[in-house]
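Novice: Residue numbers (my numbering), protein chains in the order written: chain Z, 1 to 301; chain H, 302 to 607.
Because the hints were derived from the structure by calculation, they are not lab data.
Any given hint could turn out to be false.
Stated by the list, open to error - Where chain Z lies over chain H, by a calculated footprint (3+ residues, C-beta under 8 angstroms):
| id | segment |
| --- | --- |
| 1 | 335 to 343 |
| 2 | 373 to 387 |
| 3 | 566 to 575 |
What the hints assert, rightly or not - Result set (DSS-like, lysine-lysine): computed pairs, CA atoms no more than 27 angstroms apart in a straight line:
| id | chain 1 | residue 1 | chain 2 | residue 2 |
| --- | --- | --- | --- | --- |
| 4 | H | K408 | Z | K12 |
| 5 | Z | K143 | Z | K168 |
| 6 | H | K410 | Z | K12 |
Claimed, not checked - Cβ pair distances, simulated, as ranges:
| id | chain 1 | residue 1 | chain 2 | residue 2 | range |
| --- | --- | --- | --- | --- | --- |
| 7 | H | Y604 | Z | P284 | 35 to 41 angstroms |
| 8 | Z | P199 | H | L515 | 28 to 34 angstroms |
| 9 | H | S406 | Z | E226 | 48 to 54 angstroms |
The beta carbon of each residue, even a glycine, is placed where N, CA and C say it ideally should be.
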Amino acid sequence: MVSNNKIIQRDKLVFCAIGYTLVTLYGLLCVLPFVLVFITSFTSEASLMKNGYTFFIKEFSTEAYALAFRNPQRILWAYRNTVGATIIGTALAVLMATMTGYVLQRRDFPQRNGFSLFFFFTTLFNGGLVPTYILCTRYLGFKNNYIALVLPLMFSVWNMIIAKNFIKSVPYEITESAKVDGANDMVIFFRLILPLCKPLLATLGLFSALAYWNDWYNTLLYITREEKMSLQYFLQEMINSVQALKNLVAMGVSVDSVRVSLPQETMKMAMTVITTGPIILLYPFVQRYFVKGLTIGAVKG
Amino acid sequence: MQAKRFFRTSWNNRYLWLMLLPAAAYVIVFSYLPMSGIVIAFKNFNYVKGIFGSDWVGLSNFRFLFMSNKLWFLTRNTLLYNLAFITVGMFFEVGFAIIINELTSKKFKRLFQSFMFLPFFISWVVVAAIVQAVFSFEYGMLNGIISSLGGERINLYANASPWPYLLVAFRSWKTIGYGSVVYLATITGIDPELHEAAAIDGAGLVQRIRHITLPCLVPTMIIMFLLALGQVFRGDFGLFYQLIGNNALLLPKADILDLFIYRALASTSDLGMASAAGLYQSVLCFITIMTVNAIIKKIQPDYSLF
């Protein structure tokens, strides 16, 4: 028995040693790229050209940030658009998901199954990109319109299902007794049900906010005017224009003057920090809600 | 009579109807109306004439699409990439969930789990920026290390062959930390008495993982697998667009249906064919998910999706 216990102890020790090593390595693999971006954004362009991207900073410099903010108009526009779309969109998305979820779990709503199918079917089959694009541009006026940054992400059937399953766990008697007291369904939902769903609201809010903040796709499809672009699209455009410049150089076109005057590489990193910063800063505070979000409301139709 | 009852209960439920209205209208406009737009696939679409005004061309868009030989290649790529994403992702997600669960230091666990979570929070645009910082030919960190060790620099952006592995790696990097949480939650839900009883009977850690933890994870794994399988013909557009984009040197190894459709749309040269490709993709997805669900329903009804 003693020897057996020893074997078990040794097993555990070996397992833990391997486990800590693997998790440490992978964790570093996940976090170090961010450190690299951050460090290189504070390097001088000349030093980066000489040494390449490296963790070991040789020349500290804020020239990339200075340049980014010398002509800040586009950054400010992009920030305004993304912050606006995130706030408005998240509020509407949470409201729609919870409201719909609440109705669909009400036992006394006879059409609930029909509507559940009506919503769920859209996850099984859709018209595809082209009809959606044509509908939105030709008939709904999405082209260069702010609604293109808000509407496409406003409702997700998956979020609605999460909401429905979560609200199901709120005792039905609350609705029932309030009805007896003469409250209407809208009042019941906003006054009684929603206050009991704070974890749900936090989770859906964070999921939606993240989707809005990281959205570049809808700008790609619908926006061509600089003052209406989202932040991530702006970042992508900058990275690509740096790349395009490089390709020109590679093709032998002389753009040396441009090349010297623009801290391209460090600027790219500085822009990445500027556009991603808010998420990373908020990250430690919101992380646990995401973990919760995955465990509330199993995803099932 | 029946109509009368319908109206009476509906009037009683008028606020519920009102609350349902926005989402129902949304889904009609953004999901069901585009479904009617699939007629574009059978038309020679003309932007001025509109969806319903354009001329019918029968199946010629599809004939063109199927004759181009690209379709099989794109479908295969989309399918294989997604299968690789699903299996590699699941392997590491389950693996890390099991490992993290056994680690004893709470602080370490919390810190490193939040590290692993981080890539989930950024967009593919930022991933592309990071990838350039690490892999670019001129200044990339990797090439810096290689050349300082006296090796030959690698130009990844001109060499397609490693990209299938790289794409799987990047995608996994972004999703593993987040995905493992689902499994971790399942593991914490396992009755600790099972482990205690097994330990008393002399089962070691590895044995307990094999015979208790893993079997308990199987239902979750199946559900996650099925959910992913339903989307197996839908590529991760963000990943491919941001990392491959229009790089003609890489496309031979990394072109997928979604990229193809987007390119056709962006060039606006042939919306009819792009729409036909989209319809083809949607139908494939639909058939897959219905088939998978029907099979599961027969074998193990508890796991079926609907």
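Novice: Determine for every hint whether it applies to the structure shown.
Specialist: Hint by hint, here is what the structure shows:
1. A count of 6 residues in the segment 335 to 343 of chain H with a Cβ less than 8 angstroms from any Cβ of chain Z is obtained; the coverage claim is therefore met, three being the minimum.
2. Here's how the segment 373 to 387 of chain H fares: 0 of its residues keep a CB closer than 8 angstroms to some CB of chain Z, so the rule of at least three is not met and the hint is violated.
3. Counting residues of the segment 566 to 575 of chain H whose C-beta sits closer than 8 angstroms to any C-beta of chain Z gives 3, which meets the bar of three, so the coverage hint holds.
4. Of the pairs offered as hints, the one joining K408/H and K12/Z holds, with about 19 angstroms between alpha carbons and a cut-off of 27 angstroms not exceeded.
5. Distance check on the hinted pair: K143/Z and K168/Z sit about 40 angstroms apart at the alpha-carbon level, beyond 27 angstroms; violated.
6. With a CA separation close to 17 angstroms, the supplied pair K410/H and K12/Z stays within the 27 angstroms bound.
7. Hint check: Y604/H to P284/Z, Cβ distance near 36 angstroms, so the stated range 35 to 41 angstroms holds.
8. Checked against the hint of 28 to 34 angstroms, the C-beta distance between P199/Z and L515/H comes to roughly 30 angstroms, which is consistent with it.
9. At roughly 50 angstroms, the beta-carbon separation of S406/H and E226/Z lies within the given 48 to 54 angstroms, and the hint holds.
Of the numbered hints given earlier, the model fails hints 2, 5; all others are met.
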